[in-house]
Amino acid sequence: MNASVWAKRIKCLVLVSIFAVIGNWISTTKSGAPVDIMAGLPGMAMILGITIIGCAITDVLDKVLPKNLPAIAYISLVAIVVTIPGFPGAEFAYASMNKIGLLPLCTPILAYAGISLGKDFGTFKSQGLPIVCVALLTFVGTYVGSAVIAEVVLRATGAI
Amino acid sequence: MLGKNADWKIHALSFVLTMIAEFIGTQKFDLGFMAFSLFPMLYVLILGMALGVAKVIPEDMQNDASPYITISVMMLTAKVGATIGPNLSSIMQCGPALILQEFGNLGTAVLALPFAVFVFKMGRAAVGCSHSISRETSIAIVGSKYGLSSDEGVGVMGGYIVGTVLGTLFYGILCSLLCSTGLFSPQALAMACGTGSASMMSASLGAVVEAYPTMAEELQALAASSQLLSSVDGLYMTLFIALPMTEWMYKMFTKNNKNYKDGQPIKKNA
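From first to last, the protein sequence lines stand for chains A and B. The numbering of the first sequence is this note's numbering, which starts it at 1 and goes up by one. The numbering of the second sequence is this note's numbering, which starts it at 161 and goes up by one.
Everything labelled a hint here was simulated from the structure, so no lab data went into it. Treat each hint with caution, since some may be false.
[Stated by the list, open to error] Pairs of lysine to aspartate or glutamate, EDC-like flavour, derived with a Cα cap of 20 Å: (1) B:K411 - B:D422; (2) B:K411 - B:E377; (3) A:K119 - B:D422; (4) A:K8 - B:D311; (5) A:K125 - B:E219.
[As the list claims (entries may be wrong)] If you want the footprint, here are the derived chain B segments under chain A, 3+ residues with CB under 8 Å: (6) 220–227; (7) 344–357; (8) 403–409; (9) 412–420.
[As the list claims (entries may be wrong)] Simulated DEER-style distance windows between Cβ atoms: (10) A:K67 - B:A195: 53 to 59 Å; (11) B:A195 - A:A95: 31 to 37 Å; (12) B:G192 - A:P85: 25 to 31 Å; (13) A:I160 - B:A195: 28 to 34 Å; (14) B:K411 - A:S31: 40 to 46 Å; (15) A:K63 - B:I206: 18 to 24 Å.
We put the beta carbon where it would ideally sit given N, CA and C, even for glycine.
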């Protein structure tokens, strides 16, 4: 395991956790159901812990497996397992992590993206219209795709 | 590389941007013919980019910030995973139509990528933009696989912005149109509403319920189940099926394509 990679990683993850838990407090206060920093801390610590465990699993498996899955696969798997009803403390884990909103967690992460994006402004500008059109087409694609399959299966099984 | 303390500057700036964005908070706009919300995560993107374009953030600092996206974005998948666990058992209670229609979510790339390559001659931003409807989970996956300041990252973030601003309006219109064609049963239309985005589901379901008001309760239940399924399978579907499939399609489409060389579009008058 590379110590300097881990130091950089943990520093960043801990800082983002702090930013997110403060941001979460502001955001939930604005929406009328405040989750103050102390109330948000356990859930945030769990998200941080699960991320680090997932990274550690990835690192260990990197050494034994010839081809490994990306870290996010293990991180999400750990998060799923600890919140499945029946897992020790699952209810507390879910309730705690549920206090941290997805959007307030996104904000500090996308702040790094924002900081790094100035140099990509040219790409955005030149690809602007194509991206708008392609994005709208994906909306049509996912909806019509699902509707077609649902219609076919519903008819085939005689449900309608 | 910057000096020894340069990374603290990046973290401090991230904190300041986050605080500004959260204090502005979510803003709802209702222009009569369209309604949408803007979220703090959109402000930090735009603020950061504006500071970068204005050279307030030097380019080497921009470069140094990139790895922090790849690191921090992993936490999103922990959060998303924690919402899957408690809902896992409800999948077992869903019928075959509900489960199979989830694969319809792959229609994103099937429909959008050919346009991206053959009409718009887009580069690899097309992969980021067309593999999914570019919601938060997709940002996490693309961010950790390619980095968000890659072409793929620009694609997924562009898609995110389009969806945030135009998604609900677009789905409202699309679903009204599809309802009026009579091609699909209301049940199928309701199941299709669960795409993984809560605001888009509300908008599309609203249009379907308006067309079939007497079935409102059944349709709402179907849409909610489908939405739940999408939130459970979305992450793995995107990571293991949609993204590799889009990669493969992009390779096929650009191979032997006179407008592309080595998977990149040939720039005109370059």
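Here is what the structure says about each hint:
1. B:K411 - B:D422: Distance ~9 Å between B:K411 and B:D422 Cα, so the pair holds.
2. B:K411 - B:E377: 44 Å, violated
3. A:K119 - B:D422: 24 Å, violated
4. A:K8 - B:D311: Given pair A:K8, B:D311 is violated - Cα atoms ~25 Å apart, limit 20 Å.
5. A:K125 - B:E219: 18 Å, holds
6. 220–227: Three-residue rule met by the segment 220–227 of chain B, so holds; n is 6.
7. 344–357: holds (count 10)
8. 403–409: violated (count 0)
9. 412–420: violated (count 0)
10. A:K67 - B:A195: 53 to 59 Å: 47 Å, violated
11. B:A195 - A:A95: 31 to 37 Å: 32 Å, holds
12. B:G192 - A:P85: 25 to 31 Å: 45 Å, violated
13. A:I160 - B:A195: 28 to 34 Å: 33 Å, holds
14. B:K411 - A:S31: 40 to 46 Å: 44 Å, holds
15. A:K63 - B:I206: 18 to 24 Å: For B:I206 against A:K63, whose Cβ atoms are near 42 Å apart, the range 18 to 24 Å is violated.
In summary, the structure is inconsistent with hints 2, 3, 4, 8, 9, 10, 12, 15 from the numbered list given earlier, while agreeing with the others.
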